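Colleague: Can you build the whole structure from these sequences, using the hints too?
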Amino acid sequence: YSKRQWEQEVEAKILRASSAVWPEFQVETHSRPWAYDPSLPYSVAVDFGYMCPHVLWLQQATDGCWIVFDEFHEDQIPPLRLRQVIGDKCRKLGKDPEHITGDRAAPQELSYLSREYPGTYVHRMRTKDEQSKRKQIEAVRTLLDPLDGLPRLMISTKLAQATGRRALVKCLQNYRYRTRANGEIDESQPWKDQVHDHGADALAYHVAAVAAVDDMKALNIRKHYGKRDPFRTPGRSRR
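Just so we're aligned: 251 in our numbering is position 215 of the sequence shown, and the numbers increase by one with no gaps anywhere.
Note that these hints are calculated values from the structure, not bench results.
Computed from a predicted model, the values in this text were never measured in an experiment.
We treat Cβ as the ideally placed atom computed from N, Cα and C, and that holds for glycine.
A portion of the hints provided could be inaccurate.
Ranges between beta-carbon positions, derived for each pair [to be verified]:
#1 Glu-220 - Lys-171: 16 to 24 Å
#2 Glu-220 - Arg-119: 40 to 48 Å
#3 Phe-108 - Pro-69: 19 to 27 Å
Modeller: Listed below in structure tokens is the structure:
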């Protein structure tokens, strides 16, 4: 549960609707110094974005927190050029990603990534939970503002200082729900403004398919075994 979900579903509080999808996000709270750690696995999250793609590179720190440490969000990038961008960055990091997540609406690109990285878990967002925008949003919220403990989803301080129009920090701050003509906020679907939605979607894909699942498994393991995870093998996924 996020704090908001707990208040709504368990305490039955009626909360004021917010036009911001993730009002919980604050730069001061959700950024931390982080540079790529070659001793840890990393993941790639992609929203192909109709020539306005957004790609994120993430790592999970030893304390369990996921950190986005790099991104790519240039406009007017054709698919073949995007493949090259992803490949160049992954080669620079010195190894293949452990997970790649992407929108199932781009099957050709996901198939290419599966062929290019045969040892990587390529998530195609097939299940209903993974496809549900509402559940994706809530999964991100749960890591941004968990009911217990510190946030488990952050961006690096370098990305927090980014000034680009489509930078992830701007997406987290400005991803909005639609407002109806009568002034009511429609929380059924966020507004696809082609500016802030691609970065937000890329992040939500990864959290729904990998981070939230990983977080829940780790929680269940800790309940039975304490802090030690008897099934964790360094460098491999718990999935």
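Colleague: Now tell me, hint by hint, if it's right for this structure.
Modeller: Here is what the structure says about each hint:
The hinted window of 16 to 24 Å between Glu-220 and Lys-171 holds, with their beta carbons roughly 22 Å apart. Take Glu-220 and Arg-119: their Cβ atoms lie about 42 Å apart, and the range 40 to 48 Å holds. Under the hint 19 to 27 Å, the C-beta atoms of Phe-108 and Pro-69, about 21 Å apart, fit the expected range.
Hint compliance for this structure: no hint is broken.
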